[in-house]
Amino acid sequence: MDVNAQGEIVADSVADEAGTDLESIFRAHYERIARVIAKVVYDPARAEELAVEVFLKWWRTPRAHGTGAGGWLYRAAVRVALDELRRRSRRERYERLLGVLGKPPTPEELSVERQRQQQARAILRALPARQAEMVLLRAEGLSYGELASALELNPASVGTLLGRAQEAFRKEFTKRYGEA
Amino acid sequence: MSTEQWVNERVGELRPAGDWRPDATRGLARLRESRRAPGAAGRRLRWGLTAAATAACLSLAVMPGALVGFAQLIWQNLFLTRVEVVRVNLDDLNDLVPSLRGESVGGPGSMSGVSDLEEFERRAGYRPRLPRSEVMKGKPSFTLVSPIRERVTVRVGELRDALARVGAGGVQVPQEWDGATLEVATSALVFAQYSDVQVMQCERIALLTPPGFQTAAFVETVFRILGVGETEARHMGKRFAANPAWFFGVPREDAASVSEIQVRGVPAMLIEDFTDGGMPESTAVVWNTSDRTLAVVGKVSPERAIEVAEAVQ
Chain A
6 MDVNAQGEIV
16 ADSVADEAGT
26 DLESIFRAHY
36 ERIARVIAKV
46 VYDPARAEEL
56 AVEVFLKWWR
66 TPRAHGTGAG
76 GWLYRAAVRV
86 ALDELRRRSR
96 RERYERLLGV
106 LGKPPTPEEL
116 SVERQRQQQA
126 RAILRALPAR
136 QAEMVLLRAE
146 GLSYGELASA
156 LELNPASVGT
166 LLGRAQEAFR
176 KEFTKRYGEA
Chain B
759 MSTEQWVNER
769 VGELRPAGDW
779 RPDATRGLAR
789 LRESRRAPGA
799 AGRRLRWGLT
809 AAATAACLSL
819 AVMPGALVGF
829 AQLIWQNLFL
839 TRVEVVRVNL
849 DDLNDLVPSL
859 RGESVGGPGS
869 MSGVSDLEEF
879 ERRAGYRPRL
889 PRSEVMKGKP
899 SFTLVSPIRE
909 RVTVRVGELR
919 DALARVGAGG
929 VQVPQEWDGA
939 TLEVATSALV
949 FAQYSDVQVM
959 QCERIALLTP
969 PGFQTAAFVE
979 TVFRILGVGE
989 TEARHMGKRF
999 AANPAWFFGV
1009 PREDAASVSE
1019 IQVRGVPAML
1029 IEDFTDGGMP
1039 ESTAVVWNTS
1049 DRTLAVVGKV
1059 SPERAIEVAE
1069 AVQ
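Which chain is which? The protein sequence lines are A and B, in order.
Residues in the first sequence are numbered from 6 upward in steps of one, following this note's numbering.
Residues in the second sequence are numbered from 759 upward in steps of one, following this note's numbering.
One chain only, chain A, in its complex shape (with noise of 0.2 Å):
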């Protein structure tokens, strides 16, 4: 799997070029994991923290090295992002309901835009991880193949997989927030 100059993912080639070179594949897979990440988290500097510690759980995996390094770094990715976005919803609702960091919104937490990227990723925190990992990577732009190779599913099931994912997801949502 490799990535053009706009974060698109075109092609598997990265790996086979970079072996096992820990700092290569970062060089050539860093930014688009940091981002994917932050996009989750919506915290960069904890973003830039996951993203390193993705490479380094891969550096620390040769199983993961070879064709299949750049798939690999993108579905742990969104695993740690997930498990990040969780793990501080629970730590949230904690701080919340005690009111000891409680503050008032920011007006660019009141936004419109603002209000959508919550309610999406309240969504992903609730739906079970790996349809979560799925409908993330979708949007990603990962075709069924990679999906398929990313999430090491059997390649003819990833549709009903990724069917069955998105509807629990629009579902969810719909239940929360409504068709909007």
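Treat the hints with care, as some may be off.
Said to hold, decoys possible - Here's a subset of chain A near chain B, in silico, CB distances under 10 Å, partners left out: (1) F31; (2) K44; (3) P49; (4) A52; (5) R130; (6) A131; (7) L141; (8) A170; (9) Q171; (10) R175.
Keep in mind the hints are simulated off the structure, nothing from the lab.
These numbers were taken from a predicted model, which means no experiment stands behind them.
Beta carbons are placed, not taken as given, at the ideal position from N, Cα and C, and that holds for glycine.
Assemble chain B onto chain A, guided by the hints.
Chain B only, in chain A's frame:
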């Protein structure tokens, strides 16, 4: 519009905060630093919280915040004397029933450091119970959170809408609930931070509801909205009315193991959280005594958390 387009449109709206751009140079420096000290870096990254955030988050992660989670919705001069773990996400109520978001009465509780037990006792009005020193490493640092009082106002229309949206039938929401205010009041809370765990406690939480408020039916309604089945929700309401509980919400989608254990002869809940990858994340033991609710939480094994809980005197 197909479901795929509809979903991709919404998920595609996600953006990083502000005008942030990944800084590969800074990332590479961080990567190199982490490689030089992989163990320490790994820990730092995994548990990458500041000290202050750790104090706040870990402490709030199990004790009053979580336990109050549901308690804040219900009051009637009740004292909660047991803990009940429920596999629901109490946070979902924020979306489903916005009026049930708690509002601080008299401002949010303030957090401050306390130098020793005597100062804590003077300011909080009770003396914290701590584990025996021989099972702990070093002395703890104390954080005191002032008493908290939170209020919600029931809106019948929102409850009915939420029930309809989630498809929960057969639930009657009495019109007389509309406008009812429910409050929860806690004592001061103390967090004792040791090197590996945090011990948290408060005196029992008081719940205040309007006279005659149908607590059982309200609990049933809220849990139906949160996705609990009809029979179970009804039982939960009845159990609450008979013996009020602090409900500890563990979302169904979270990788967590919940089991009942005994701590010094009284029932306690052992909650083990895992990452989505199945790695242990944190362990908590929560229990009530006759005059206190306590929790031990940390990134430790269940055996260690239980050992600390057993040592609290």
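Taking the hints in turn, this is what the structure says about them:
no. : hint : in the structure
1   : F31  : holds, 6 Å
2   : K44  : holds, 4 Å
3   : P49  : holds, 4 Å
4   : A52  : holds, 7 Å
5   : R130 : holds, 8 Å
6   : A131 : holds, 6 Å
7   : L141 : holds, 6 Å
8   : A170 : holds, 8 Å
9   : Q171 : holds, 4 Å
10  : R175 : holds, 5 Å
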